[in-house]
Structures are given as structure tokens and as C-alpha cells.
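2 protein chains.
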Amino acid sequence: MTQKHNIILQPSGSRGQVEAGQSIRSAARDLGVEIESICAENATCGKCMVLIEEGRFEKYDINSKRENVSPVSNEEAAYFARRPALLKSKGWEVGYVRLSCQCKIQGDVLINVPEESQGNKQIVRKSASNRPIEIKPSVRKYLVTMSPPNLERPIADWERLAKGLETSMQLVHGVDAKIPRWFDLSIDYQCLRTLSSTLREAKWNVTVSVWQDKEVISVQPGYHEESYGAAVDIGSTTVALYLCNLRTGEMLAAESEMNPQIVYGEDVMSRIQYTIEYPDGLEKLHKAIISTLNKLLKQAADTANIKTHEILEMVLVGNSTMHHILLNLHPKDLGLAPFVPAIHKSMDIKARELGIHINASGNIHVLPTIASFVGADTSAMIVAEEPHKQDENWLLIDVGTNAELILGNRKRLVCTSTPTGPALEGAHVEYGMRAAPGAMERISIDEITLEPKYKVIGVDGWNTDHAEFKGQVKGICGSAIIDGVAELFRVGIVDSRGKFRKELESKRIRKGESGWEYVIAWAEETSIGRDIPMTQQDVRQIQLAKAALFTAARTLLKRFGLQDPDKVILAGGFGSFIDKEKAMLIGLIPDCVLDNVYAVGNSAGDGARIALLNVEKRKEIEEVSRKVERFELPTDPEFQNQFMLATSFPHMSEPFPHIAHLIPNRVPDPMAKNFMK
Amino acid sequence: MTQKHNIILQPSGSRGQVEAGQSIRSAARDLGVEIESICAENATCGKCMVLIEEGRFEKYDINSKRENVSPVSNEEAAYFARRPALLKSKGWEVGYVRLSCQCKIQGDVLINVPEESQGNKQIVRKSASNRPIEIKPSVRKYLVTMSPPNLERPIADWERLAKGLETSMQLVHGVDAKIPRWFDLSIDYQCLRTLSSTLREAKWNVTVSVWQDKEVISVQPGYHEESYGAAVDIGSTTVALYLCNLRTGEMLAAESEMNPQIVYGEDVMSRIQYTIEYPDGLEKLHKAIISTLNKLLKQAADTANIKTHEILEMVLVGNSTMHHILLNLHPKDLGLAPFVPAIHKSMDIKARELGIHINASGNIHVLPTIASFVGADTSAMIVAEEPHKQDENWLLIDVGTNAELILGNRKRLVCTSTPTGPALEGAHVEYGMRAAPGAMERISIDEITLEPKYKVIGVDGWNTDHAEFKGQVKGICGSAIIDGVAELFRVGIVDSRGKFRKELESKRIRKGESGWEYVIAWAEETSIGRDIPMTQQDVRQIQLAKAALFTAARTLLKRFGLQDPDKVILAGGFGSFIDKEKAMLIGLIPDCVLDNVYAVGNSAGDGARIALLNVEKRKEIEEVSRKVERFELPTDPEFQNQFMLATSFPHMSEPFPHIAHLIPNRVPDPMAKNFMK
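Residue numbers (my numbering), protein chains in the order written: chain A, 1 to 677; chain B, 1 to 677.
Accuracy of the hints is not assured; some may be wrong.
If several chains are the same, the list does not tell them apart, and a pair holds so long as it fits within one copy or across any two.
Said to hold, decoys possible - Taking lysine to any residue and the SDA-like style, the derived pairs with C-alpha atoms no more than 20 Å apart in a straight line are:
#, residue 1, residue 2
1, K298, M433
2, K350, R193
3, K295, G421
4, K350, Y189
5, K284, R352
6, K627, V72
7, K214, Q299
8, K474, G13
9, K453, D188
10, K163, M258
11, K627, E152
12, K627, R181
Treat the hints as calculated values from the structure; they're not laboratory data.
Kindly produce the complete structure, drawing on both the sequences and the hints.
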């Protein structure tokens, strides 16, 4: 019987008995601890370095530690000799640090696996559910050293590569892992075209990139360890691209651009309309987005100092219209009843088919769409937030010109969508502007004096904190618009129906050019030399948007048989900056314990990145998205009725216990007699 | 004994003797030419029409042509009376056109089988192993009737189609068949692009073409029952394309063209050389073959009266060089030691990737290559002949400018190849010409008088059977060249080393312009006004070719541990017309019982068609080809020695029991003292 030794692996603390003579890497795998390797245990990549902490467990003994493991081999010594800077920076001496693929166990030993050597790398998703994301990319690299062909065994280049690759994959993943046999591996046709010359140039020593552990998509001469991928969120307004290292999960560049389609229509409906009206409309929109993607790819690659052909995969998300236009699928049926997409299923399309300039053999993975107005971006949001793994009922809302809503738990998910108009994004508001220096970001109004105070981006504290405050305001950004409307309602300047109460005495309440308004900043406080008011029109815009959003949420809750969700997750830039309490006050989101409302930022972009870094998440969203129940609001008979009621502040038929304390002493509102009864 | 008559069938060129009184259709089948019939020879369907081109071969005689076939029957007359428009449009008069199921043979006759009558609905492979080929195409059509989308179930177009398709597939194959679930089906990206508009145009009633029962590659409005595919054999000299109905197996058109690459080099080595010498060489050769394929596709589609986009798959075979150039893979390593292809494995490549004009979503299936000079055409030959299913040891030889040899049985197959030069195809022989009227096809020499007699295509019997034989010979076709050399040796005009024995007394043996020669036809017998000899140079060419072929066969047999094969299968046009006994006499093929030598015609083309029509054969050849053992002749230490010995007639170290009786009384040859000892 073979002799056994005890080993302990830190930091995981895994321990057990292993056979003498086993390599540390192989022993660690038997104990469930994956250690990195790219070079197929050739002592080349150095990814599997470990630290031999103790040769015996009793106490640290510098002399004993090497007895219990095999001596440093020539190959190991050669590797470390090439990396003096690394050893110096870490303070590791050879012998203390070892290559775990070479170092054999000869006695009891305590081993430390440093972070960079740990396999199954993780990144932590910061959101409503802080949780680690395992790095399991669809593209992996393997070093393959082949024997050259000879007259006795004149086997073709691909078959020799495939056999070498099978061996490398087995060494990296272990013989028990499900590795395809060499004859079941394939190579992308475009990659095959240069295979023979690459192998010879490389002297039969190449790094092979394999997609989904079955298709070879890149063969590079020599040793390369990093793979790159891009995650892209195509918004109607903004296209955001994240360039990631597929091995470590590290984000190397984040680039964004205006969506160039905006010149053909501001929102998705007008772009759909454009493709219907002009025979070449779709082609124009399609080409515009492809060329923007290529521009962003170039920028990101430059930032990360890599070549675009080193980018081996791209994961794309976007609403259904962006999804269709990207794929050159006509979007007209997305805009016409009964509102169906061409396809829900996710797709893998060769980048070259779409003219996207990553590696020509690389794939574009497009996440599944759920409905006509609940697209691949919502799928990405589900990937990021995981409502389908919760016992509680979560309500996810992604707010933009259109809002998508997902409600449910691990057993059931329902979804719907509603147009909300541009107001919530700060557009079509008289003095609206984007969040930039000079923009008001917070507004507060005193319920007795009806005097406002505000905060300006780039200025410390409130305006009233400054003795002299002049010439600094330019406009109102999205979060301040919600604040402003909420405050106008809270102090009673506008009534429950959203109308200005002109009878109130304040010089700030006045009839302006376009109707009644409330002046927040006088001309001398601004850099534009004009008073900045909030107008009746601004209030109306917010009323319509919040009514749509609120009704959609209420409808979903009702269909689900729920009064309130346990958590509300607000995705998108919108959610990140608003005052949640104020949003609830005007009924923008359902009443809920404030601590259970989370703003998670660009959840779709995060989901795209997660799907890029973890291939299992793609399978998961494919299955989940198939089961999401879709509700089209117009089919709900109560929708119009509910919508009209919901334009009021807050919805009169609803109790709002969680924000009732905000409205104690306000000027009496004759319309509010039914409120809070 | 029944009287026999000679018939020639055009355009195949098949010829032979058939019994008097046989119907043309039945006689044609005996010669391997299938003529269509649906009505079971009832003179009803008219599918079996043929044209009686000549009643006698000597000269065109409008009166005689009907004597050699039976008169037009009442049933035939009735059929033609119903089809006046057809006869008029074709310009055919009754009597010239006949129903081959009714028309009996009463004399020698030249028959033209028009395209539309050419059969093979029932695919029976006529070869060494007569056997039926089941029609199991990779592309199948399913009618799918979908429910339109509605607001209550706004499911995407693809998903509704996939669900309907799952149902249709179950109806066609039975619920117990392994049918993928709808969510495991996929649709080719280019096909998806027009899906939504097609479904609406078709009012949700479509015919769906599915590749490998998993990927949708075509969606047509309404009901369509036929699917089409093309099988192509790319020879160095000729490209042959067969357009087939994938449902019935029927061959709808057979088109061929010269390989346009011939202008860049006659044989594969000179084309490889061209790609090495010119940077754009490969691109030129590649584009040339693609454009020829597209031309042939168009012609075949026109013949079959379909559109090229209705062709849903293409199976391609060719030698390794043709294979590489087709796929735009650089062939240089095929021509340089150690002679390895880029890939053995079969491939499925979207037609659009190669610019081949079948349906854009259709696939090009390329059969596996076996070695640098044993290509996908040899794989196709294995598919057609099935040596891997035999208990006996079969030797398959495909002879062209290069010869490929496969030897073995169900347990083991070995292969090799050898250059044979153009002589066996009748090229580079002084008076060589192709098989056409005026060509000698048989030569015999009297061993006492040393006087020759010969047969000429288009002339009955031997030239010596005719009292006056003048001005009818033009040249010597391939089969007569083998005959001629064999006879020169048999009667002792050339010795065992192939040298003319100038000491023999015959006015036909003389010193000509290019050395010693033997005159077969005097100038007055020819239409070219010159004596037609066989020269020392012609004999040398055949010696080199047969030595190469023989040595290759011997080497394989030796490696296999065999003295002789049980059967010899000769593929290619070459094998179909030679006198097997004469070929054995000069040692072109190994000694063997004559009845066990089979000529199987264009086996590679047949194999390509079989692989097109039966997808299981593809898997089979994939596995078989992986197991074939490859021998490169130069690695055999005995090769040069063997080759030199084999240039002699017959190989001196070999006993030739099966042809020994042919050489009894010849003029004593002093070099032959070791022969037959």
C-alpha cells in the first residue's frame, strides 16, 4: 500500500490524506482545491505557485520544510530564475515558494495557496445581494506542446493539435473531469485557415483558446496567459463597453458613447418607426451601432494596451429594439400589437458575421429577450440581481424612457413594461440638465415659509450655508427634479392632483410664460442670468411617468397576489441618485420599508459582465427567462382606470404608512380630505 | 445461344453486349445505367424516353436506325400521341424518340439517354458489393402550422415556430424517436433574419428545413415537399456535380466542367508549386474552383428547374490538394515532407463562408482526408465500396495521375499512394487520344507472325474482319495502350526490361523519329494519313506507371502480411475500360483470380452522393478514416529497390500463376531466364 501523508491547504483550511509522490496541485484537487495552471503542468506559466509554510505541523521549522516535499527540480529552478523581480517583490525565496505542478509530497505539509494561484477565481458583486461571482469564462487558454509530424506518423496538423489539447485539458482539469476526446473537438473554419503556418512558425509550441471547451477559436505561437472579453450594454441613449480579463475577472477598461441611432429617433418607438418608413432604415441603424461598437472596442483595447483581435468573446445586452437592430432583425413587430420579438433564445453568432472587430473566430453572445419591451438588458439585470434565487418577493425596476419591471421569487417571476417618458431622466424638463457641475441635485422647501434651499454639484453643502451664493446654478438634474416635485407636494404648493395652489402667498409662486411655476433659484444665483423655476408642465411630466411606473408595479403585484414587495431594486443611473424617500412620497415606487429599497446602478451592464465571466450564468438565464411570465399592460382591463388614479400624489386609494411621517404640518390641502383616512 | 448486340449509352459512354430482344431500359440497367420509370414499364409515365441516335455504327443511316430496334408499339404510339407539345418543343420525331421500356434491341445501336430520363430513384450501388443505399439525408422538411401570437401569449416568432416544429417532428418520426425539445432547436442566424416576415407572409403556415434534426436552415411559406442537395467530386482534371432530390434520392442533373485550375498546373504538384511561388496563387486557384462550382450549380439548377437557393446542402470530395484549395487552406505542406494535411476531420462549413451559391444557411460538408495524397475522394471511395465491412481482404485502387490504394478488411485498413504519371489516362502517349469514334480500343498481336489486329470505336469486330479497312483510325485510347504494351511483351517484341528487340524480323519493328517503335496501323488505315506506332517511349511511360502502382500495392500487401488480395477494385474511368487480364499481364495490378477484379467507375463521385443522401455514412467514414493506417512509400526502405525490379514485365521476383497461360509460345526472350522459375 502506498504511504499517505497529511496536508493542509490555506486559506481554505481544506485538509486530508494524500498519497506520497503526488504533486501538490493534483493532491489539492483531490481535496477540492483548484490551483491555476495554463501550461499543462510544464513548469512554464508559474500560475500554480504555492508557499510551503511548514514541513511539519508542530512548529515552523525552516530546515524540515523541504524534507517533506521533493527538491526543487531543474525546470522549477529555471522558471524562478526567469522571475527574480517577482520573487523579490513578494519576498519569497525559492524553496519556500514552489510550483505545485512539480513539487511532490513526501511528508506532512502545510501549504498556502496565494490568491493569484487560486483556481475558480471570484469577483464580488456589490448589490442588493453581496455575493461572489465565480470566474468560469467560456473561453479558456491551454498551452499545447506538440510533436512535429514525421514520415512514420504523417498525421494532419489539426489532429495532432487536438490530441495535444486533449492532454493539456486533462492536465489542467484532472483526468476525471468531463473533457471531450480529441476527435470531438473542433476548430473554427477561419482559425483553421492559418493553423498550419502558425504551428510551424511556433515550432509546435502554441497557446490554444478554446470556446466552451469544444471549439478552438485561436492558436497563438508560444505561451500566452491572458484572455480578454467585452461586455456591452446597448442603451437607447448610451452604449457602454467593459473590457475584462477573462482569467482574473479584472475590468481593464470601461468606455461609453452616445448611441449613434439617436439621430434617427430619440426613443425606441421612433427608431422602430424609422425602420418602417425608410427601406434602408434598418440597415442605417444597424451599421451605426456596429461602427460604434468597433470604435469602443478600439478605444478599450488601446486603454488596456492589447489588440482587438485578442478579444475572444463579447456578451451583448440591450432592450429588445436595440437587440433586434444589432442583429439586423427587423424590429417592426416589436412596436405593433401583439408585440412579439423575432426570438427570445440567446444566440452565439460569429463576430465576423456581424462585422464586429474582435477575433474573427470569436463569438458574440446575445442574452435572451423576454418580451417585446422586456429585453436582453432585463435578462442581464436578472443575472446581476438573481430574484429567481430569493425566498422573498423582489421587485426589480429598471427605469429609463421605458421602465421594465420584474417581480417574484425562486418559484415564480412575472414581468411587464411601461413607457415612462423622458422626464425621469431629466429630459423634457424646462431647466433640466444632466448631472454635471452647476446642476442642482437636491431641493428642499420649508413647509412654513415655502422658501427653498438646494445643493449644487461642485459646491459644498446647501446654497443657504454660503453667505454669498451667486452665479453658480445652471439647471436641475434628474434627482433634483424628483426632490422638487416631492417637496412642492409635501409643503402643499401643488395639490394632490398636481395643480399649483395659486392662492398661497409666496413671491416664488407666480404665473410664468408657460403657466404657473415656482422659482427655486433667482437669476443672480445662476450662471445663466435667468430665474430657474419648476413649472406646472414639469410637475405634469413627473406625474405621468410616476403614474405609469406605479400602475405597472401595482398590476404586477396584484397578478402575483401581493400587497407589497419585500424588496425594491432600482436599476439604472436614475435609481442611484434619487432620494428614495422622496420617490416614495410622490408614489414613484410602491410603499415599502425604506431600508428595503436598493439602488444598484447599471445592473444590465453588471449582468452582461457576469455572463461574460461565468458561462454557467448564461445557461441559468436561458432557463429562467423562458419561465418568466409576461404581462402586457394594455391587456389588463383595469389599467386605464388605475393609471388615472395613480397620477395623483400619492395614489388616493393607497395607504402609504412608510412616508406618512413626512407630511405632518403642511399647509392644509382641500383636495386631501380622503388622504390617509 | 442467344444472339448478342453491341450497345453504347450516351452521355455516360457505357457500352457492352446485350441479348437480342431485351428492352433498352433493361439492357441499360445491366450496363449500370438507370433509366427512370414510375409506371412500372406500362408505357404510361413517359419517364423512360430515350433517343435512338444510330442504328449502326459505321455511318449514320436514317433508314437503318429503326431496323436495329423493334417497331413503335401501339402503347408507345398512344403515349406519344398524348404529348405532341413535348415532341414539338424538343424537335423529336417518334421513332427517334422511344420509350425504353417498350423498345427492344434487335441490332447494334447507339442510344442517348436524355437528362430527364436518367434514373436512380432506387439507389442501388452497383459495384463489387451490390447493395441498397438508404435515403437518410441530413436535411429534412417539416410542415409547421403555428398559432398566431396574441396579447395574452406574446411569445416570440422563433419560439412559437420551434414548438410547432417539435410537434411536427414527433408526428413524422413518432413520439418515441429522439426528437430534440423545442428549446434545444436552433435557427441559423441568416435564416432568422427573414423569419418574422416569412411567417406573416405565410400566415403562420410554413415548410421548415432542418439540418441534422437540430438547426433550422430554411423557412418557406406554404407546403413544399422536395429538398435538394449537391454532391461534388473535384478532380484535378474534371469537376463533376450531381444534383439530387434529398427525399427520393433521385439524381436530377449531372454536370461537369474542366477544373479551371488546370491553367495554373496540370497536376497537383504543379498547382502546389504555383501557390508557393505566387503570393496570390492560392487565392486565384481558390476563386477559380469556387466560381466553377457556382457555374455548375446554376447549370444543374436550371436543368432540374429549381433555384440554387433551394439547394440546402453540398457534399464535397476531392484529393487533399483540391480539398485544401477549395477550403482556402494553403496546400504547401501537402507537397513537402513529411507530407501532412492541415486537417483530416470532416467539416461542415456554411456555404456563405465559402461564397458557394446554395442556400445561404446551407452547409458544405467536406469528407475527411486520410493523408497528404489520400484525400477526401478516397474517403468517398471507401463509402462507396465499404472495404471496412468485408471479411475478405480487398485492394481498392483509384488510378489517375496519382494512384491511391486502400487494402484491408473489417478489422484493419492500410493505405498509400503513388504518382503514376499521365500515361494510364492516355496522355503523354504519342498517338494517345480519348475514347471516341476512331480510337483503337483493343489491340492484339499474333505471336508467330507478329502481325497486329485491333478494334476501333464505332466499327464492328476487328479491323481484320473487314475486307476493305481504310481511313478509319485516329489514335489509341487508354485501354488500347495497356493492350498494346501487354501484347508487345507477350509476343516478345519488347523484352522483360521493356526494350524493343530490334533483331526480330518484322517490317513493323523499325527505328522511328524518336527511337524504336512498332507500327500498329499503316497510314492508309488511318484518317490522319500517318502510320500509328507504339514507341519505346510509350512503353517506358507504361513501365514507370505500372512499376509505381505495382510497388505500392506490393508494399501494402507486405505490410499487411498478405501475398495477394481476395478482390481488386479498380475505381476511376481508367478501370472501366481496360482488359483486366492484360493489365495483370504487364503487372499493373497484382496477380489475382480475374473474376475477382472489379471495375467500379467513378467511385469517389458515388461515395459523395451516398454521403449526401445518407448522413449516417458520414459518421461511419469519419470513424473509419481515423483508423486507416497511412504508409508513405519513401519511408519503406525497400521501395526504390522494389520499384526498379517492378519496371520489368512482370516483376521477375513474383510468380504470376493467373496469367502464366497467356505466355506459352512466344519468341524466346533471353532476359526471361529467371521468369516463372
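Which hint numbers doesn't this structure obey?
Numbers 1, 3, 6, 7, 9, 10 - these are the hints that the structure violates, sorted from lowest upward.
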